[in-house]
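*Asks:* Residue numbers (our numbering), protein chains in the order written: chain A, 24 to 314; chain B, 8 to 338.
Honestly, the hints are just simulated from the structure, not real lab data.
Hints may contain errors.
[Stated by the list, open to error] Over 10 angstroms on every C-beta distance to chain A, these chain B residues come out as not near it, computed from the model: (1) Leu24; (2) Gln32; (3) Phe79; (4) Lys98; (5) Pro281.
[To be verified] Derived DMTMM-like pairs (lysine to aspartate or glutamate); straight-line CA-CA distance at most 25 angstroms: (6) A/Lys213 with B/Glu189; (7) A/Lys291 with A/Glu273; (8) A/Lys288 with A/Glu259; (9) B/Lys289 with B/Glu262; (10) B/Lys127 with A/Asp268; (11) A/Lys113 with B/Glu90; (12) A/Lys262 with B/Asp322; (13) B/Lys65 with A/Glu273; (14) B/Lys290 with B/Glu22; (15) A/Lys113 with B/Glu247; (16) A/Lys113 with B/Glu189; (17) A/Lys213 with B/Asp305; (18) A/Lys152 with B/Glu90; (19) A/Lys246 with B/Asp99; (20) B/Lys150 with A/Asp239; (21) A/Lys104 with B/Glu25; (22) A/Lys262 with B/Glu262; (23) B/Lys150 with B/Glu309; (24) A/Lys104 with B/Asp305; (25) A/Lys213 with B/Glu262.
The beta carbon of each residue, even a glycine, is placed where N, CA and C say it ideally should be.
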Amino acid sequence: MGWFKRLKDGIQTATRNKKEAPEGLWYKCESCKEASTMKEMKENFYKCPHCNYHTRINSFDYFSLLFDGPYEELFIDLVSKDHLHFTDLKAYPDRLNEAYRKTQLSDAIAVAHGKINRRPLIVAAMDFKFIGGSMGSVVGERIARAIDFARQNRTPLLIISKSGGARMMESAFSLMQMAKTSAKLSQLAKAGVPYFSMLTDPTTGGVTASFAMLGDINFAEPKALIGFAGPRVIKETIKRDLPEDFQTSEFLLEHGFLDFIVDRKDLKETVSDMVSYFDPQKMDKSKMLEE
Amino acid sequence: MVFLDFEQPLESLYEQLEKIQQVGQEGDVDVSVMVRELENKIKNKRKEIYSNLTGWQKVQLSRHPERPYTLFYIKQMCRKFTELHGDRYFKDDKAIVGGLASLDGQTIVIIGHQKGINTKMRQYRNFGMANPEGYRKALRLMKLAERFGFPVVTLIDTPGAFPGMEAEERGQAEAIARNLLEMAQLRVPIVCAVIGEGASGGAIGIGLGDRVYMLENTWYSVISPESCSSILWRSWDFKEQAAEALKLTADHMFEFGLIDGIIKEPLGGAHTAPEEMAKILKKQIKKAIAEIQELTIDEMIETRINKYASMGVYDVVEPLKEEESDKKVKA
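Next up, chain A with everything else stripped away, as it sits in the complex (with noise of 0.2 angstroms):
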């Protein structure tokens, strides 16, 4: 037996599997490590031919995925600000910085308004790619605009959560846009128009923890990670192994907390429905609860 036996698995594994594939013309699947082309992945809705893992896609995928042609993306003269001079290994303003050339977005989140099956919709999407899809005041500020929006034109929102949580960097501004996404909902619940929250793989700490959690209708990509906590923390903190399924979409709707599942396939005709059911343009204000 040689000195030098590798005990952990894929240390081993020869170069030539271990080969990342180029981007733009092959993808391999996180999962199960099967291989594809990026035109089998995008006709089949950003998921893996082989197991239907659903790659995390960004927020101008969802536009182009729901909406039925052109639609508007809205607030994007928003930007962040660096109010409170943070630095830690970085300083804020090069994070972000660095986060406009490598995504080429404006923040965590873009806001459109269109049509999915000639009813109008406005739909919020997070992008985790951009300092882990962090709330800050910019998102913060552009959900609380969409909410008005919503209000003022009687249309349905969705918003659709991929996010590590509160942005670090702005301290108690980020932890004060749960306060305002979630007073901001409960003006928009009062007027009866329906907000339908779909959470994504990641959606954690203050993001599940106000908008995400408040639809009238909540649903959830498969296999996606939705929690309070991330899984490091309760795995410190109670020192044993998480079970296999622990805070997936599964496990949520296991628990009480989604309404359903849907894939990505379906996701247009499934917004779509509830577009309909809901539709508030319709709907008769007088027979509905008052709060």
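Given chain A's structure and the hints, the job is docking chain B onto it.
*Replies:* Positioned in the frame of chain A, the structure of chain B alone reads:
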């Protein structure tokens, strides 16, 4: 007495004082002059230390083992108090207490995180870390208050909502989110005060109100300095820097407009004169309730929601030309 690391100069002065007093008691040397001198010295030293506390030192003070907790304040402030238990769904959380109380004749519902005063009690209270049933109990009591028009007072003192497996199963996130939504619309005045630690979602879960105050030596942040250090610095050793960076003190929070006021503590911190602290807190709570009650209920709720809606800092920029063509309308 328990001395924190930055209070070391005080500790040695107190030791000297004790020795001199002992000498005075044993012999017939008159030590009164020296005692007076030392007491003055202690007073000045304390002032010097306490006028220049860093963020981390305030975090330490907020966790001082002798610091008064919720039940102490309730007993000091309210002539009558009946604790009410349970969320009516699952169980009674010991990390959040609440009940009906009489605040100088006015019935209120008062709720707060509760920490334990000794090792056994700290475990019993789960170190002030509530489970979902704690937040649901709080909401049940707030709804009770709403039905009968009683003002709600909440006292915040938690290192965070409990990150346990069962807490997740029972929907920790949902419980906190629900409280935020319901508190925004609650049709009675809500006055909140951070009396110790104000850590993240666990704190704000009972902390949305018409008036939110912080005692002078407390902190309120999106994350504890320790966890922030471990995530952003990838080590537990940068908690002092994290505490500074997070700008989590009452002064900063007030300057940012995220709280409505700072409640002064007696010199040396709330634990040096707890009864006096309770009096100051009570006065502020009563004043706040009276102010809020001048509004109609609808005005009160609108003002409350607008206050939170205005929280946030961002820049408004002209969108770039190429970005515009790229993003604004996409087919």
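*Asks:* Evaluate each hint against the coordinates.
*Replies:* Against the structure, the hints:
no.	hint	in the structure
1	Leu24	40 angstroms, holds
2	Gln32	51 angstroms, holds
3	Phe79	26 angstroms, holds
4	Lys98	16 angstroms, holds
5	Pro281	27 angstroms, holds
6	A/Lys213 with B/Glu189	11 angstroms, holds
7	A/Lys291 with A/Glu273	21 angstroms, holds
8	A/Lys288 with A/Glu259	37 angstroms, violated
9	B/Lys289 with B/Glu262	23 angstroms, holds
10	B/Lys127 with A/Asp268	34 angstroms, violated
11	A/Lys113 with B/Glu90	48 angstroms, violated
12	A/Lys262 with B/Asp322	44 angstroms, violated
13	B/Lys65 with A/Glu273	43 angstroms, violated
14	B/Lys290 with B/Glu22	36 angstroms, violated
15	A/Lys113 with B/Glu247	17 angstroms, holds
16	A/Lys113 with B/Glu189	38 angstroms, violated
17	A/Lys213 with B/Asp305	13 angstroms, holds
18	A/Lys152 with B/Glu90	47 angstroms, violated
19	A/Lys246 with B/Asp99	32 angstroms, violated
20	B/Lys150 with A/Asp239	20 angstroms, holds
21	A/Lys104 with B/Glu25	54 angstroms, violated
22	A/Lys262 with B/Glu262	40 angstroms, violated
23	B/Lys150 with B/Glu309	19 angstroms, holds
24	A/Lys104 with B/Asp305	33 angstroms, violated
25	A/Lys213 with B/Glu262	33 angstroms, violated
The structure is inconsistent with the numbered hints 8, 10, 11, 12, 13, 14, 16, 18, 19, 21, 22, 24 and 25, although it conforms to all the rest.
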